[in-house]
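Q: Take a look at the letters that make up each chain.
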Amino acid sequence: MTQGVGTALPKRTIGLDKLGVVIALILAAAWLLLPFADFKPNRILPGEPRSIFSALPPIYAAILAVGLGLSIFASLIRTSAIPRLLLGFIGVVALVLAIGVAGHYLTPEGDNLARIAPGAGFWVLVGAYALLAADSLTRLRLGPWPRLAILALVVVGICALLWSGAWDELSILKEYASRHEAFWREGQIHILLAFGSLIVACIVGIPLGIACYRSKRLRTIVLNVLNAVQTIPSIALFGLLIAPLGALAAAMPGLAAIGVSGIGVAPAMLALFLYSLLPLVANTVVGLLGVPEDANDAAMGMGMTDGQRLVAVELPLAFPVILTGIRIVLVQNIGIATIAALIGGGGFGVFVFQGIGQTAMDLVLLGAVPTVGLAFVSAVILDAFVEMTSPREAAND
Amino acid sequence: MSWSLIIRLLVLALLIAFLVAPESFAFLLQPFTKIGQPAIYDRGTLWGLTLSHLAITFAATSLATLVALGLAILVTRPFGAEFLPLSRSLANIGQTFPPVAVLALTVPILGFGTAPTLVALFLYGLLPIFENSITGLTTLPPTVTVAARGMGMTGLQRLVRVELPLALPVILSGVRLSTVISLATATIGSTVAARTLGEIIIAGLTASNTAFVMQGGLIVAVLAVLIYDGLSALERFFVARTTKGSSLSPR
Chain A
1 MTQGVGTALP
11 KRTIGLDKLG
21 VVIALILAAA
31 WLLLPFADFK
41 PNRILPGEPR
51 SIFSALPPIY
61 AAILAVGLGL
71 SIFASLIRTS
81 AIPRLLLGFI
91 GVVALVLAIG
101 VAGHYLTPEG
111 DNLARIAPGA
121 GFWVLVGAYA
131 LLAADSLTRL
141 RLGPWPRLAI
151 LALVVVGICA
161 LLWSGAWDEL
171 SILKEYASRH
181 EAFWREGQIH
191 ILLAFGSLIV
201 ACIVGIPLGI
211 ACYRSKRLRT
221 IVLNVLNAVQ
231 TIPSIALFGL
241 LIAPLGALAA
251 AMPGLAAIGV
261 SGIGVAPAML
271 ALFLYSLLPL
281 VANTVVGLLG
291 VPEDANDAAM
301 GMGMTDGQRL
311 VAVELPLAFP
321 VILTGIRIVL
331 VQNIGIATIA
341 ALIGGGGFGV
351 FVFQGIGQTA
361 MDLVLLGAVP
371 TVGLAFVSAV
381 ILDAFVEMTS
391 PREAAND
Chain B
1001 MSWSLIIRLL
1011 VLALLIAFLV
1021 APESFAFLLQ
1031 PFTKIGQPAI
1041 YDRGTLWGLT
1051 LSHLAITFAA
1061 TSLATLVALG
1071 LAILVTRPFG
1081 AEFLPLSRSL
1091 ANIGQTFPPV
1101 AVLALTVPIL
1111 GFGTAPTLVA
1121 LFLYGLLPIF
1131 ENSITGLTTL
1141 PPTVTVAARG
1151 MGMTGLQRLV
1161 RVELPLALPV
1171 ILSGVRLSTV
1181 ISLATATIGS
1191 TVAARTLGEI
1201 IIAGLTASNT
1211 AFVMQGGLIV
1221 AVLAVLIYDG
1231 LSALERFFVA
1241 RTTKGSSLSP
1251 R
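So the protein lines, in turn, are chains A and B.
Straight run, no breaks: the first sequence in the working numbering ends on number 397.
Straight run, no breaks: the second sequence in the working numbering ends on number 1251.
Pulled out of the complex, with its shape left as it was, chain A reads as follows (with noise of 0.2 angstroms):
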């Protein structure tokens, strides 16, 4: 979201926008083309194809069409950015209510097998229009703090959403509905895998990352080992420190009696610390090289000693990149933790798997979707401070 770059477009009164001819080609082919939602006689069968006439109420469905050709001519013209954030915004809202309404409608009275998921047109609708929203952000170039406004008045939305019952016919939310003390329970874990092993990460990485600065030897091999482990998949290096941990669990009752076995949490935490510790300590490498000479001088010049000079000059000079680097490992580690329920680890991967398990799509979306919002999330956030601590000229690269 961050690295937009401003094009000077030629001004004209009136023209064809490119992006804008992509993104009514595509809201087109949605529409006439795929299924807006699928209709499963039970979660494990395929869906039975329902366009928008047959899965909406008839004036719903009419002012949803209206709305969609009309807003597939609009975006054809060139605008400014302001009109087309609102007609992409407008897009996704008015879809998301839809589907949720088609939820409602398509269930048949009293039947709770039956499964009503949104079909693959209403996800490139809605991508559609999060694209032209997209663009239109990209293009106006906001400052941190309206970014983070916008996301909160996004999280927000879906909040309100969710609890206002609006979607609670549709798949997911069934499939959320019978396992919702699960889900809140491995969402925990999720968020204890991820935070918890870049919290160690940083406690550990960080003045590793300044010994590495100091010592031009340390940091050869220090960095070659990382990049090593770094280059191992997941999965392999899980697995590889299942045997490890089961022996130290084994000869030692103490850690086994703290939960330190060799499936379980404990190795999932260490793979993803250990893949946490090269941004970490290459950042915080990069970002003191980085310091400015002049600084440093200045700072000798004061008669600072080396101690006083990394946390008054150097640390707070380099600390933007370093703050890049724990955004890396974060959204790394929420992707990564998914495969941690392989090994028992738990985490939102729990349901990815057990709905690959069953071929239940919709519980693969369940574990899914949240990840990917966390990763969003977590992403819109530190990239935001990450520009607010930058220098001014820096934050505009």
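Any given hint could turn out to be false.
What the hints assert, rightly or not - Not everything, but these chain A residues come out facing chain B in the computed CB check (under 7 angstroms):
hint, residue
1, Ala134
2, Asp135
3, Thr138
4, Arg185
5, Ala228
6, Ile232
7, Gly239
8, Ile242
9, Ala243
10, Val331
11, Gln354
12, Gln358
13, Met361
14, Val372
15, Gly373
16, Ala379
To be verified - Derived CB-CB ranges, DEER-like:
hint, chain 1, residue 1, chain 2, residue 2, range
17, B, Gln1157, A, Leu97, 25 to 31 angstroms
18, A, Ile158, B, Leu1063, 31 to 37 angstroms
19, B, Gly1111, A, Arg141, 41 to 47 angstroms
20, A, Asp306, B, Ala1207, 30 to 36 angstroms
21, B, Ala1081, A, Pro244, 22 to 28 angstroms
Stated by the list, open to error - Only some residues are given here: those of chain A computed to face chain B with a beta carbon under 8 angstroms:
hint, residue
22, Lys18
23, Leu131
24, Pro146
25, Arg147
26, His180
27, Thr231
28, Ser234
29, Ile235
30, Val364
Think of the hints as simulated: they come from the structure by calculation, not from any bench.
The C-beta atom is built at its ideal place from N, Cα and C for all residues, glycine as well.
Put chain B on the given structure of chain A with help from the hints.
A: Relative to chain A, chain B alone:
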């Protein structure tokens, strides 16, 4: 020959020996099995799984390279400039999707087997290559592009003879990143029944046979590290070639 090269060759030799004749290493893995469990994966040859794993990774990454590079070239030309800001944001957002989610969501469209894995690897592999290609193509020293224009080169000539060669090292590091991610994601692919080395790890996890988990994990890990190193060496070779005989410093 440097020490690090000798070590890598030794590791490669060991890996090949293990793949060809896994039985002769069985005594090392036996302690990790429970009574009655086999020490070496017996529902497919290690060789076959390794080759299939590498083939899936290679196919997905080459396709991703072609498409990502093509798209990057398109959005960095005047014709596609309108798409540049958005495509950057998209690549950035796309990377917040965990590979396993991409994989799982491809299954309903393509069914179980190798196909969804291939598609997920391709989609996910696009991002690093695209991002790096754009970085490479947009951060060229302006003096060079102006000089090329001044020499009367056409847009295509500039692209092929100036911009791409100069951006090559950055593009290649994107390809390397993408390859390593694909190698890892292919491992997870066996949860949707793709024939990859992940099969051994998953079999070990479900039967709680640590020996399987370890051999699968070790083969994948060693492959990943060796391939990463090999591609890094290739990159250094190209950087050396690009910068040789010119005053340009490597970026």
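Q: Hints first: check each against the structure and report whether it holds.
A: Each hint tested on the structure:
| no. | hint | result |
| --- | --- | --- |
| 1 | Ala134 | holds, 6 angstroms |
| 2 | Asp135 | holds, 4 angstroms |
| 3 | Thr138 | holds, 4 angstroms |
| 4 | Arg185 | violated, 20 angstroms |
| 5 | Ala228 | holds, 5 angstroms |
| 6 | Ile232 | holds, 4 angstroms |
| 7 | Gly239 | holds, 4 angstroms |
| 8 | Ile242 | holds, 6 angstroms |
| 9 | Ala243 | holds, 5 angstroms |
| 10 | Val331 | holds, 6 angstroms |
| 11 | Gln354 | violated, 11 angstroms |
| 12 | Gln358 | violated, 12 angstroms |
| 13 | Met361 | holds, 5 angstroms |
| 14 | Val372 | holds, 5 angstroms |
| 15 | Gly373 | violated, 9 angstroms |
| 16 | Ala379 | holds, 5 angstroms |
| 17 | B:Gln1157 <-> A:Leu97: 25 to 31 angstroms | violated, 53 angstroms |
| 18 | A:Ile158 <-> B:Leu1063: 31 to 37 angstroms | holds, 35 angstroms |
| 19 | B:Gly1111 <-> A:Arg141: 41 to 47 angstroms | holds, 43 angstroms |
| 20 | A:Asp306 <-> B:Ala1207: 30 to 36 angstroms | violated, 55 angstroms |
| 21 | B:Ala1081 <-> A:Pro244: 22 to 28 angstroms | violated, 53 angstroms |
| 22 | Lys18 | holds, 5 angstroms |
| 23 | Leu131 | holds, 7 angstroms |
| 24 | Pro146 | violated, 15 angstroms |
| 25 | Arg147 | violated, 12 angstroms |
| 26 | His180 | violated, 21 angstroms |
| 27 | Thr231 | holds, 5 angstroms |
| 28 | Ser234 | holds, 6 angstroms |
| 29 | Ile235 | holds, 5 angstroms |
| 30 | Val364 | holds, 4 angstroms |
Checked against the numbered hints given earlier, this structure breaks hints 4, 11, 12, 15, 17, 20, 21, 24, 25, 26; the rest are met.
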